[in-house]
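Protein chains in written order, with our numbering: chain A, 879 to 1090; chain B, -8 to 297; chain C, 29 to 684.
Hints were generated in silico from the structure; no laboratory data involved.
Owing to the predicted nature of the structure, the values given are computational and were not obtained by experimental measurement.
Any given hint could be a false lead.
As the list claims (entries may be wrong) - For the chain A half of the interface with chain C, some residues (derived, Cβ under 10 Å), not all of them:
#, residue
1, Ile944
2, Ala945
3, Ile985
As the list claims (entries may be wrong) - Computed footprint of chain C on chain B, listed as stretches where at least three residues anywhere in the stretch have a Cβ under 8 Å from a Cβ of chain C:
#, segment
4, 42 to 54
5, 94 to 100
6, 157 to 163
7, 203 to 212
8, 279 to 293
Beta carbons are placed, not taken as given, at the ideal position from N, Cα and C, and that holds for glycine.
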Amino acid sequence: MDTISNILLLLVILLNFFLLGSSRLASCIRTIALQGGILSLLPVLAHGFSGHTLFLSTVAFLLKGIAIPYLLFRAIRQVHIRREIEPLIGYVPTLILGTLATAGSFIFSGRLPLIPEHSQSLFVPVGLATLATGFLMLISRRKAITQALGYLIFENGIFIFGMLLTEAMPLMVEAGVLLDLLVGVFVMAILMHQINREFSTMNTDNLTSLKE
Amino acid sequence: MRITILQLFLHLLLLFGFSPLLSGVIGKTKALFTGRVGPPFLQLYFDIWKLFGKGMVISRTTTWIFRAGPVVGLAVPLLAGLLIPFGPVGAPISFSGDLIFFVYLFALSRFFTACAALDTGSSFEGMGAVREVTFSCLAEPTVFFVFIVLARLSGSFSLDAMFGQTLAASWHTAAPSLLLILVCLFIVTLVENCRIPFDDPTTHLELTMIHEVMVLDHSGPDFGMILYGAAMKLFVFGALVVRLFLPGTTGNMALDILLFIGGILFMAVVVGVIESVMARLRLLRIPQLLVGASLLSFFSLILLLR
Amino acid sequence: MNFLFLSWLVLGLGACAAALPWRSARITALLGGGSAVLGCVSGLIAVGQGLVAERAATFSLPWSMPGGSFSLRLDGLSAFFLLPLFIVGLVGALYGTEYMQKEKACLHWSWYNLLLVSMAMVVTAANGLLFLFAWECMSLTSFFLVITEYNKSEVVAAGWIYLLATHLGAACLFAFFLSAGAFCGSLDFASFQHLNKLTGPVVSVLFLLLLAGFGSKAGIFPLHVWLPDAHPAAPSHVSALMSGVMVKTAIYGLLRMCSFFTASPVWWGGLLMAIGITGALFGIAMAAMQSDVKRSLAYSTVENVGIILLALGFWMQSRAAGQHVVAALALAGGLIHLLNHALFKSLLFLGAGSLMHGSDSRDLNRMGGLMCRMPVTGLMIVCGGMAISALPPFNGLVGEWFIYRALLESGAALSGLGGFFPVMLVGCLALVGGLVLIVMTRIIGIALTGVPRSPEAAEAHEAGWPMRSAMIVLALLCLAGGLLPIQLLRVAGRAAVLLDPESAQLFAGQVITPWWLGIMAFLLIGALLAAFSFNRWRQGRGTVAAASTWGCGFAFPSNRMTYSAESYSELAQSGMFCSCLTPKSKDGRTIGFFPIRRFFVFTAPDPVLEKFFKPLFQRLADYCRRCCRLQSGNLHIYLLYVFCTTILLLFWVGQR
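Using the sequences provided together with the hints, build the complete structure.
Structure representation (structure tokens):
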């Protein structure tokens, strides 16, 4: 079981790299969906079959793997954009930064005083790396849709961390996080629609003009 | 000492005898995909034989550098082939730190190929030279990262030991890293040997080529040596990939060698399949993919470092 | 030691003789150059003695300077640095006798000989004051050599930048020596052992002073700004001497002073490594964008100094961490690369000078096809290019091999953060290696091969025998270093004993031996010969016909259509380099249907100089201009200043 979850976590990292290096929004969303699908397997793999984990897996799969990607696809279809053209930081530099951040999180987690059963597992480093990837995505991209993707990756990172605590974490908290996310994406989609109508562009830079 | 001489003999036999076969296998695979019969498996042997018997036409602007390109291009893969194990047959020459020599040997051949291309004064060949040196500059870190992973796993710095007996055991302990570097090494093989998706050896447009455009002006025995050298280079890199992919031994030497040859032919088929189903990448995407490969190999190293 | 004095005597006499107003320039060149050659031969004998001798030769005379004594010490480290000095000095003098014929070289030979003497004194001085004295002499003589063509404005500008940089560095050194002398009670290096007892932040301040002081001379990364201007301005054999040897005297100073701090903190090594790798990447990226061949080589010096610094920093760090094998490998790599760089960079500068001599231009875009007309120079540049790209069978690989091995060894052994940095450095070093290949194939491909790009290049002429033989000697040495790496290691071992005795023990053993590297170089030559004779054999049957280059269907190719120096590196520049390095280009785009006259200007000025130092000094100048109010021009006011100063000083003395 442990090796399977480790391989899945490595896949998550590779998908992170892909997300940082790809400019096509459609393939990014598909990748996010795949990542979500992989993550939804983790509760069952990490903690065995139980009502709790099964429920969590199902909800995560429905939300992360299906509902949110569907919403995002709809959003990009509405606003007719297919790729992020001018990121603030280029793709290759973000990729390099992403790898360095990943390397950093692996090395850092080796120094954390974790309990023995977690010290060998990949959950902590991969969670940290995914968080960093989400941050990088948020920092380096302009379009509202890629910002939303950044939040999603970020949430995936939190989800991986949460895996370590699933036994301790009440079901409702977990569900609440997922729900928050769904609402967040809804808001983002609506906001995107509005930005697009107001400014006829999708760049979040225009939001700067709202200050004062 | 007798082992080493036997190894030397086997290495030379495999290098000289088998290397042109790979190109035939790739060609046949591609022909199968397009529904043609394709050239015979031994086509490259015929080509090289024919070229060795022909006269030469040489551009008036060229100097000895132009003639040195093919000479170096043949000598380098030959020597590099002696540094690596071919399947179960250990390397005839191995010393601690030979991996650095291995990398710089290929840099030597690149140096002379690029200079020979520029020697003709043709803008197309200059273009090929630029691309060759620039892209390989990005591929070099990947090679080093791949080698460090193997050095770390085997605890040795000679290619013979790195691709040696310990590799099979390492697959049990560090499978993810090895899988990643297998992919990276394969990408490097494709780049170094100018295969699709990095370079299209069969296109008719000089603008889109890298390696083929550099050797446009070579003819006769010179060109034959270039073809032979390129085939050996593919064999050398292929041997590394196959060794990484099939590290185990059955205990029977002859069977192992057959297995190795089978593996390398299988790799040629894979290359043929990739060439059939993929198009050449846009030129701007190539550096991105190469950087990606470097980062992937770096990441596989990080997995081991923790 | 006696031979060293003999060499100084010969060089000094030569300098005086060349300064006399002889009737013809030939006599000056003969006297100056001849004495330089003789002096260097004598110096080489002294080096040989120094390398063989078990004990260091010392010499001391009282000196009337306060705190100073004329004490010299020729130990392994000094001999190691004297070796390239006298080799390059010798071939440079040989080369110069022909090279300087065209120029009006008054006093050139005096400065040249004095530069040799002062450099030799820098590396043998055993007293702080003598060291500084020799250091200043070295800076001034080299300044006068840089401005040999003082009627050109850009040469003078380059000279000023050099003078400024070197004196700012010297100021840091003064500060270091004075404070070290104050602490140890004497300026003799023998008493500098007490520096070991210093603790706390003072040590770090001293180290930073050293780094800034020697760094400005060595051309380490942010302080390299004088280098790309001064090297092209100087005559080629002087560039060779400056780039190959003078820059190394600064490394010598750094090593010598650091040897007094035996327990260096780990971060010193880390800092050196960081500066080193940044400089290496920066230098080689800038080198790829220069169309001036000597400027490109000067940036390549920045890169090589970066690599040397990286190796030495890694040595310091691993010594502090107690990894002796890694430390030995890194130290061997740094020292051998230093020696090698002196050889191949001088070779390349001499070659570049020969190209300039033949084609009357420093611009790569005005050369082309020179291999046909200058076959020996061309071959020598190819040898130098192979050596600097670390290609077998030349010596460049030996140094890099050690450095790579050190990094690999520690990257494969350590885990966590300790293994992370060496591994990353291997990646960066591999990238640097690839870029060096771009730079060198660019110089060879654009200048030597292809078609002539200017009428001058079409009528270029080969250099005479002094210039050719100078290059051949260096190229043979480069080849010998590649074929006999053991000897290189043995020479480096003599210097290493003084720096790090524990690691130096490993130099003789089997652990780090480069024995196989030499065997492989021989094997490579064998394989090349085999392939060559096969090629000749096959060619014997067929005929070789000459035709024009395949123009891909285009019937009228012209030399304007071939790859230029800028376009050769364009792919790397646009694809890989950071945008802050982007060169300035002007015009060149044609708009409209009909051909019109267009110009294209492309320059790659140094970003550190342009964006940091120039604004900084501009601001300083503005500030100082405000202080000009003090300078009223009135004698009485000035006397008032003198009076006030005297009173203040008296008070200050009275207070104590």
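Results of checking the hints against the structure:
| no. | hint | in the structure |
| --- | --- | --- |
| 1 | Ile944 | violated (39 Å) |
| 2 | Ala945 | violated (40 Å) |
| 3 | Ile985 | holds (5 Å) |
| 4 | 42 to 54 | holds (count 12) |
| 5 | 94 to 100 | holds (count 5) |
| 6 | 157 to 163 | violated (count 0) |
| 7 | 203 to 212 | holds (count 4) |
| 8 | 279 to 293 | holds (count 4) |
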